[in-house]
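Asker: Protein sequence lines, in the order shown, are assigned to chains E and D.
Note that the first sequence covers residues -16 to 224 in the numbering used here.
Note that the second sequence covers residues 12 to 310 in the numbering used here.
It is worth saying that the hints were derived from the structure and are not from the lab.
Virtual Cβ for every residue (Gly too), placed ideally from N, Cα, C.
Incorrect hints may have been included.
Across the chosen pairs, the derived CB separations fall in these ranges [said to hold, decoys possible]:
1) R85/D with R59/E: 17 to 27 Å
2) V202/D with E56/E: 39 to 49 Å
3) R129/E with K142/D: 53 to 63 Å
4) G21/E with G127/D: 34 to 44 Å
5) G65/D with E56/E: 26 to 36 Å
6) A152/D with V15/E: 33 to 43 Å
7) A152/D with R59/E: 17 to 27 Å
8) R129/E with G65/D: 28 to 38 Å
9) E56/E with D188/D: 34 to 44 Å
10) D139/D with P131/E: 21 to 31 Å
11) A152/D with G(-11)/E: 45 to 55 Å
12) L87/E with A152/D: 56 to 66 Å
13) D174/D with S114/E: 28 to 38 Å
14) P131/E with A94/D: 50 to 60 Å
Reference excerpt, derived from the structure (chain D facing chain E, CB under 10 Å, subset only) [said to hold, decoys possible]:
15) S97
16) W203
17) R207
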Amino acid sequence: MLLLVGWGLLAKVGPWPHYLLPSPDGVGASLVAMTSDGRLGTAVGRSLRRLAQGYAIAASLGIPLGILLARSELMRATLRPLVLGLQALPSICWLPLALLWFGLSEAAILFVVVMGSLLAISIATEDGVLSIPPQLLRVAGTLGVRGPRFLFGVLLPAALPGILTGLKLGFSFAWRALLAGELLFVSGGLGELLTTGRELLDVAQVMAVMVAIVVVGMVIDRWVFGLLEKRVRSRWGLVES
Amino acid sequence: MQARLLVPSPHPRGEAKIALTGVAHRYGNEVAALKEVTLDIAAGEFVCLLGPSGCGKSTLLYALAGHVTPSGGRITIDGKQVAGPSPERLLVFQEPALFPWLTARQNLAFALRAKGLSRRKADARAMDFLKRVQLQGFEGALPHQLSGGMQMRVSLARALAMDPAVLLMDEPFGALDAQTRADMHRLLQSVWTESRKTVVFVTHDVREALVLGDRVVVLAGRPGRVLQDLQVKLPRPRDPDDEVLVTLSRHVRQLIRTARQEESALATGEVHRHAQEHPPAPGARRVLGALAGGVGPPR
């Protein structure tokens, strides 16, 4: 609140012209305008749909990959250095490759989103599987729990807190990768709305879209992952009750 | 009367359920963890492996379970060689090792389902066994909502419900407080008297071994080997504070101490080779003689 007031004062008395530093109510008005004419809603919808697609692919590949990395010596030896190395690559660096492979298409953006979050998810999954108490694995062995029942009944639930951390991290990576991708070529999502604002010199719109991006990211992080994590941790007995 | 309460186990015995022949084990190139352990265990027998930490008793148990493949010797159960873990030789660990995301009942039912029981049968059996360990009313609780003793009871119920041919227990009550431990001893005795399972129970607590075991096998460490093999002829249920039992446990402790002293006396000479050639150490045999005079009759 105090920050908002400070920003308002700075915009009013500061040396910067209002088209470079709009006042908070200017940004608010832009937000309202974009919401009421449906531009914001459409853009959020498109971005979220892409995110959902890319993220679903990343999760459905990343979790099995992480489990393989943790459980198979061969995979550890061969794929692990590659995964760790590629993890250091900022996701947007995949864009040129994506454009060459898929052209200016949805697929290119999805590819960037997938690559941006896949590795983080698989590394966290690997970590989650490796930090399962050995006692649980041994007891599963002595009880004769094997095969799919072991995978879905012991390994996955035991690693779930770790996997969830990975999914959360992967989500924020995916969200960033998506917007970076959307910014760089016309795509009809929130990224495009940002670019349009810049082209029209409409700083209020740029800032309004930024606010929207932060809000969407935070809402998903808090409400979806936050709640999920809390429930899992309390069921697993990982929080002090 | 006391004289006949603790006697050396007769050899050879009848049909063995579990037969260990010359079992030896080394971890990597390290010191031998086990050396030439030969032991027969009859069906329905409750055997306690007693020894100080690092004497190889857990290694022996894990070898029985199939989690460790011994580097020498043979282990057979019902004539078949042990190869890998099996629910027929169920291990109970020092920790309850429950699945934390499953309720008490689900923990039992999950294991039973893996054994091939239908959902309904598994659930019914789970409830039945939770009742046997006096946990009715707690079937819906998650492990972290239960006390340590209750968790151990769930773990015990799970092991019993699986109905293994052999129950292997690795200091299962080691982490419990004295009171809970005594409760668990009482419970285990009563459940065992009903089911008469073959149990191999590892402990370093002399009194625990005497309360629970039909037979106490005393192991010595470095390398792990059998020092004494005694039958406990006390009537059940046994009370850990029973005077006779307290006296017996003092005897056994004395016995272990003497054996160890003789050994370290020997160790100053060129014992190492000697001990390797004549397991169990001759000192131990002399002690057995002394014991036979004091506590049990000589054979």
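Asker: Each hint needs a verdict: does it hold in this structure or not?
Answerer: Each hint tested on the structure:
Restraint check, R85/D to R59/E: a C-beta distance of roughly 35 Å breaks the suggested window 17 to 27 Å. Look at V202/D against E56/E: about 42 Å separates their beta carbons, and that is inside 39 to 49 Å. At about 29 Å, the beta-carbon gap between R129/E and K142/D misses the expected band of 53 to 63 Å. Taking 34 to 44 Å as the suggested C-beta distance range, the pair G21/E and G127/D does not conform, at roughly 58 Å.
Checked against the hint of 26 to 36 Å, the C-beta distance between G65/D and E56/E comes to roughly 30 Å, which is consistent with it. Between A152/D and V15/E the beta carbons are some 51 Å apart, a value that contradicts the proposed interval 33 to 43 Å. For A152/D and R59/E, the hinted distance range of 17 to 27 Å is not satisfied, since their beta carbons lie about 38 Å from each other. A C-beta distance of roughly 32 Å is found between R129/E and G65/D, which places it inside the suggested range of 28 to 38 Å.
Between E56/E and D188/D the Cβ separation comes to about 42 Å, which falls inside the hinted range of 34 to 44 Å. A beta carbon spacing of about 27 Å between D139/D and P131/E agrees with the range 21 to 31 Å that was offered as a hint. Checked against the hint of 45 to 55 Å, the pair A152/D and G(-11)/E passes, with Cβ atoms roughly 52 Å apart. As the Cβ distance of L87/E to A152/D is approximately 57 Å, the hint placing it in 56 to 66 Å holds.
Distance hint check: the CB atoms of D174/D and S114/E are about 33 Å apart, consistent with the given range 28 to 38 Å. Between P131/E and A94/D the CB atoms are about 23 Å apart, so this pair departs from the stated range of 50 to 60 Å. A cut of 10 Å between beta carbons decides the hint on S97/D: the least distance to chain E is about 7 Å, and the hint holds. Because the beta carbon of W203/D sits about 19 Å from the nearest beta carbon in chain E, more than 10 Å, this interface hint is broken.
Hint status for R207/D relative to chain E: violated, with the closest Cβ pair at about 21 Å, above 10 Å.
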